Amino acid sequence: MTGSAPLLEGAAVIALWWVAIGLAGLVRARSILFVGRVLFPLGAVGGIALAAVALSAILQAPQSLVLPLGLPDLPFHLRIDSLSAFFLLLLGAAGAGISVFAAGYFRSGEGTAPGLLCLQYHVFLASMAMVLLADDAYLFMVAWETMALSSYFLVTTQHRIPEIRRAGFIYLLVAHVGALGILLCFGVLHGGSWDFTFDAMRAAQLDPRWATAAFGLALFGFGAKAGIVPLHVWLPEAHPAAPSPVSALMSGVMLKTAIYGVLRVTFDLLHTQHWWWGGAVIALGLFSALFGVVFAAAQTDMKRLLAYSSIENIGIVFLGIGLTIQFQAFGMKTLAALTLAATLYHCLNHAFFKALLFLATGSVLHATRERSLGKLGGLIHRMPWVAWLALVGTLAIAGLPPLNGFVSEWLLLQSFLFTPELPHAFINMLVPIGAAALALTAALSAYVMVKFYGVIFLGRPRETDLSHAHDCGRLERLGLLWLAVGCVLLGLLPVPMLALLDRVNALMLGATLGEQAQSWWFLAPVSAQRATYNPAVFLLGILVAFVLTYWGVRRLYHGRVRRADPWDCGYPLQTSRMQDTAEGFGQPIRQIFEPFFRMKRELPSPFDLAPRYRVEIEDHVWHWLYLPVAWAVEGTSRLIGRLQQGRIAVYLLYSFITLIGLLVLVL
Amino acid sequence: MNATGLVSQLAEILVAVAAAPLLMGWVGQCRAWLSNRSGAGLLQPYRMLRKLFQKDAVIAHNASTLFRFVPYLQFATMALAAAIIPSLSTDMPFTRAADAIALVGLFALARVFISLAAMDIGTSFGTLGARREMLVGFLAEPALLMVFFTASLISASTSLPTIVDTLAHRELAIYPSLAFAAIAFLMVLLAENARIPIDNPSTHLELTMIHEAMVLEYSARHLALIEWSAALKLFNYACIGIALFLPWGIIPDSDPVGLLRAVVVLALKLGAFGFGLALIETLSAKMRIFRAPEFLGTAFMLAVLGMLVRLLLGS
Amino acid sequence: MQILPLSSQLIYLCAAVMLLLSFAMIAQRRVLTLVNLLAMQGATLCVSTVLVAWSTGQHHLYYSAALTLALKVVGLPWILYRLIRRLDVRWETETLINIPTTMLIGIVLVIFCFGSAQPISELASTINRNTLGIALAVVMLAFMMMITRRKALTQVVGFLAMENGLFFAATSATYGMPMVVELGVALDVLVAMLILGIFFFQIREQFDSLDLHHLESLKEE
Amino acid sequence: MELLVLLGIPLLGGLLLGLVGSRPYAAELNVAVSLCTFAAGIALTLRVIAQGPMLVWDELFFIDPFNVFLVALTSLVGFTTSVFSRPYMRIEQHHGRLTAGRLRLYHAMFQLFMFTMLLALLTNNMGILWVAMEAATLTTVLLVSLYRTPASLEAAWKYFILCGVGIAQALFGTILLYFAAEKILGAGGNALLWTHLYEVKGQLEPTVLTLAFIFLLVGYGTKVGLAPLHNWLPDAHAEGPTPVSAVLSGLLLNVALYAVVRCKVLVEGSVKSDLAGHLLMGFGLLSVVLAAFFLWRQKDIKRLFAYSSIEHMGIMTFAFGMGGPVANFAALLHMTVHSLTKSAIFFAVGHATQKAGTQVMDDIRGLLALSPTVGWGLMLGSLAILGMPPFGVFASEFLVLTTAMKQQPWATPILLLALGVAFAAIFTRVQQMVFGEATLKRLPESPALLPVFTHLAIVLALGLYIPPYLAEWFRLAARLIG
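Chains as they are written, first to last, in the numbering used here: chain A, 1 to 667; chain B, 1 to 315; chain C, 1 to 221; chain D, 1 to 482.
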């Protein structure tokens, strides 16, 4: 090892620590007690340690190492700088909560043996850490694919179910194809210098066409992992298939490694950004965001719903990235800094609330063995912990103040308000529309989340056997609590967070938000004149008003309450099945956004004895893009298969013709 | 934040809280007159509130805590909104904590909570109402945001006092963009406050009602708070409209005399507004619920158009 | 052009004979005759080898010639005769391409081979320059024969004819390969022949015929 | 000296097993012989590493880093295969698919095959090389037809005829080579010695060498399994006993490719154009693409992996065709990891098929549930062969792709397409075999999975860390190939 890089070594050691824990899992692979109560908590400790290391690393200068491993001419290079440190922070903080939850979550007898699961899980964590630490193409690719592989095995934990196998296959296939794209991207980036270290790539001078090619490939490769439309198809398959902690990890953290990759390539490895890259990314982001949220509104499976909402949030993040590129391309550095800060902030927020919600669904799943919204309901009475903690996540993801989701959207909207200053015709006209779409997305996600929360936790249980659903265990509560608190704190303390993010800005864009960011406890990204926001005071205001109202009402009048049956409109035979279902709740959206969907409806006729209503939502992209490709391959292979038709004379003819052909060639 | 600022701040809230039912009453009265009825009088809302407060609350068996604290939250959020919107003076310390976007967020918060509360009981009505409310909301909210953006593009700020200062005191210019915004805002206002043509506050017809369907399970003090906060919401929206589109008369500082004058001005504006609202409600018919998206979509488009006009003409 | 020495004229004669024989083999459908032709070709090869040895005084070629005699004139034909008798395959069934066409293709092939061997012959220092083209032609014709025939046995005959062509190329064009190689090659051919012999019986007992169309089950479809 | 031992052991072992190969201890004997061969191979390797290239027995044998590394690889895979075949063949016998006599044939031929492989690698004489290759064909033909089923006979016949014809072309090429060489080196033994040819390659006649190379390429290319000359390969792999498939894929193809590369070196030296390189690249790409699409249609598990071998041979050929230190390095690395991984896969497949009693993939389900070791062996092996990091195959493919990106940008999309298709084709099948509900039965003998996991471990290690001396060694070899 060269040089002294304590933090970097620390991070690497934690990665090793995770691997070690995983291997330890194999020792007593069947003992759920050992794995769950000992190893996973240890993994959580590792996560917290990693977060601490990363936190201090953000504030320090980049450190780098060279390991004596890897290819002969290309040993493993490690590097930790503000960007990677920020994502490591994300990984550590969110990962810790998820690990704690997982400690209580995994039961034995669910597919893979606990020990093996533990190995895969921790290798997954470690590989994500290595992706963030890698400083050369080879290590990056190795870590990247290891990440895909371990997560694939985690997704297929219950591989006896065919759908899950299919989901896993699609996931790994898309991941692999994406990885090939990334590989090509690096192949372009090193620009002739036979050196695949990121340093060399930073040094390499690419002419615009190659730079664009590299950017496009990166967008393709990382987009496939991030689940940007139209490369998103694996996401709604894989997330429901995986065990909930894994879904949480994938959606909350793994998708962010793709974001990391895009940022790394765009702002670090490439020197110049072209404004129209930004335009393309914004378009992609907008489309993904709307697409995701609209589909989420139409889902009836709670984990699919969350998966689509992940697509939406990734879309928002890409929106931010695109905007950053544009500002950067036009040299409006401060605004670029603002936007990048908003983007990163949203990454962090999404990691927390999405993980929280996925874990909550996990608890619900364990308590009720039911994933389809249509059969849940009223769980707030049975499992108050999960319900109330999930409420925090719901509000956060719906982008409501004073929680964290609102802060990043607020910042993003603020930066959108500057787009009219872009020095390019059209752009400064078109981009503001993005603000409108963003607002629409945010509002829709509120709709989706009300549906999600209301149908699962509120109302009356739609199935009788929900009545003996139980609340989650102590460790699970701890995990949920950790993430919920994270959501609240991130919402209430944006100013220090922004100070951290400014370090990343300085590194990536060579610009900072300047004084206002750290001004004082009012969040005023640009100038106090322009806009200020202080969630803490805001929350205080609400609380004070709330308390005053409550106190006033109780003081002046009384608190008498009588319980009775709800009003039944004079129709006494109402059952809980008559509540509005998830389909019903999504119906208006389905109607408005008809063209988005590929719907199959089964409407009952008045004469049916057992009338049933079914609606299947499918995805045009799948039918317009993926199936044709599959058919093309199938057809080609059928054609080529004819070549080999068993007759030896024909085979001899092949070699004969080959020979003649070659002779002709050289004559 | 200085003491005077605090004064105007408190004045705002108190005026809003106190006068909101009055506005309701006034609108009702106007509607009565316009339909040749002799109305119930301006103070009717107050009477109703008092009566409701004195009753015993009746709550469904499976109502959760959420259901019970939502009315208070509603009231709190609306009161807080009143504290953000400059209706009398622009010298408001609290607005530093929350700008226009936060205001929209605040309304969204209220909406989400009342919808959740509506779903809590698990009658088909509650969920139906919640769904419709969210449907209205997800289109109205961005439209409102766009209206704010149009204004804040003019004043290069999202903090409401600054906007009002710019529009009211700095220069006197005609903003065509604001015209679009104004129409959009009016439509949003109608939708958000459950007025005709989107919703009819004075009906309990299952197929059409939105707001009423949600609060069906509430009674007594809870219902009172809901009603009151609904009134507050209308008041707030009216104030937003006033602040954005005819901000003259809102004072920059907070000396008591000025405040009094501002109160008078506000009262006049609100009176006009109330009459206009009643007029619209009388003249237009309630539209089918499925037409609501089109209505609001139009509003959204208008708002965006306003922003574009702003960008195009720079005015 | 000057008169070639007698030896090379004779060698050319042998070459011509070999080519003729391969055409004859293509035309021939009677298996027994095929084997005879093969043997005759081997004999011609042997003769030409001796001639080359004599004209150039390459003594190791005599061994090579002896080897050829033993293997190609006596050994393999004998094995084939026995096989034919044991398996009694007397007639080749209809070839894939009818014989006249095959002949025509063969002629085209010969021209092509000469053409492609031309540049080499240009710079051949040996007294018998153009034999390489003929050798190539023989190889190619044998190749084509293997393609067109349907019986396993005739295919093998084609294979051996190809070997003949190779040997001819080796001896006439280059005065023979190093001895060790020649031995190795000869050994391989012999072993191959034996293994084939075993194969024939196995194929017979499996499909009770040596017809190749039984051997078309392994394929992609 | 090691040389003598190295060549002697398998030869004698073959003869010995030819006598006693049917005895109960024959399998152990087979393992022992292979172990000795392996040891000798290692000794020779160390010697060469220490002392550099050496010529022995009036230049009849020539050992340089290039072939000695293949020698080491060959003897290693040979050894592990013998270890694997011990229980495998027992089970086959137990199932009554083999008689004692056949077992004897198998053991004898296995050793002789090893002998021919080593001979082909070590010899300095292009003629002997040819002889050895032919002999290898003959031995393996007998191995392929071991079961005497119609299918196996057909496969063996096709294998024999196609490779026989092909190899005949190679002989013609060799003759042409000699023809060209004897003008400079004079008639007699020297003119076929690779070392001498290498020295004078600059003076060899280009036109002749071009022709010669074409015949050699078609000839040895047939054995490498380059499309469209590959048709024998899937049949032979599918119908022969699994150990034979393992050595065919793991060794024979490598050695054939080795021959091609040796020839390419000479031709490149003489012909100033990079024709040879382009031909190799063309064949390589064609093989990769065709194989990838063939993979899509497979029902038989061994055919599947046979085609995957074709694909990987294509990749290596392409890399050798590109030439240059990096590409050659990558190709050599790929040779190593491919033969290790592929043989490992075939070991796992062997046990899987024995458990399932069929090679039809649709009838193989839930290996993981029945025998985790076999299941994971197959799964990991397939992932490795599909170029999933951190396995070594990825390392070489990484180098190949990036080099191609630099030197032949037009080729990369094709390669990527093929790789993607191959990935989808193989993985979807492997997944459904490994996962799901078990449909299989237990076996009398416990499978020998040590070889599988040793190979995979080595491959994994190579993906993460290539020891300096190995790297140095590869570099030397790569430089030799130029």
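Keep in mind that the hints were calculated from the coordinates and are not lab data. None of these values were measured; they are calculated from a predicted model. One or more hints might be untrue.
[What the hints assert, rightly or not] Here are the simulated EDC-like cross-link-like pairs (lysine to aspartate or glutamate), alpha carbons at most 16 Å apart as the crow flies:
(1) C:Lys219 / D:Glu182
(2) A:Lys600 / A:Glu616
(3) A:Lys600 / A:Glu618
(4) D:Lys299 / A:Glu634
(5) D:Lys183 / C:Glu220
(6) D:Lys183 / D:Glu205
(7) A:Lys375 / A:Glu583
(8) D:Lys299 / C:Glu220
(9) D:Lys201 / D:Glu182
(10) B:Lys286 / B:Glu212
(11) A:Lys375 / A:Asp268
(12) A:Lys600 / A:Glu583
(13) D:Lys406 / A:Asp195
(14) A:Lys333 / A:Asp268
(15) D:Lys201 / D:Asp300
16 Å limit on alpha-carbon distance, applied to hinted pair Lys183 of chain D and Glu205 of chain D
9 Å, holds
Agreement of Lys600 of chain A and Glu618 of chain A with the hint, judged by alpha carbon distance not exceeding 16 Å
8 Å, holds
Is the straight-line distance between the alpha-carbon of Lys600 of chain A and that of Glu583 of chain A 16 Å or less?
13 Å, holds
What's the verdict on Lys406 of chain D and Asp195 of chain A, does the C-alpha distance respect the 16 Å limit or exceed it?
12 Å, holds
Hint check: Lys201 of chain D vs Glu182 of chain D, CA-CA at most 16 Å. Holds or violated?
12 Å, holds
Does Glu212 of chain B lie within 16 Å of Lys286 of chain B when you go C-alpha to C-alpha?
15 Å, holds
Sort out whether Asp300 of chain D lies within 16 Å of Lys201 of chain D, counting only the CA atoms.
Not OK: Lys201 of chain D and Asp300 of chain D at ~45 Å, beyond 16 Å, violated.
Verify the proposed pairing of Lys375 of chain A with Glu583 of chain A, using a straight-line Cα cut of 16 Å.
Measuring from Cα to Cα gives roughly 12 Å; hence the hint holds.
Would the pair Lys219 of chain C and Glu182 of chain D pass a check requiring their Cα atoms to be no farther apart than 16 Å?
Roughly 44 Å separates the two Cα atoms, so the pair is violated.
Taking 16 Å as the top limit, are the C-alpha atoms of Lys299 of chain D and Glu220 of chain C close enough?
Distance of about 9 Å is within 16 Å: holds.
Pair hint Lys183 of chain D and Glu220 of chain C, alpha-carbon separation not exceeding 16 Å:
48 Å, violated
Proposed proximity, Asp268 of chain A with Lys375 of chain A (alpha carbon, max 16 Å):
With Cα atoms ~49 Å apart, Lys375 of chain A and Asp268 of chain A exceed 16 Å; violated.
Of the numbered hints stated above, those contradicted by the structure are hints 1, 5, 11 and 15, listed in ascending order.
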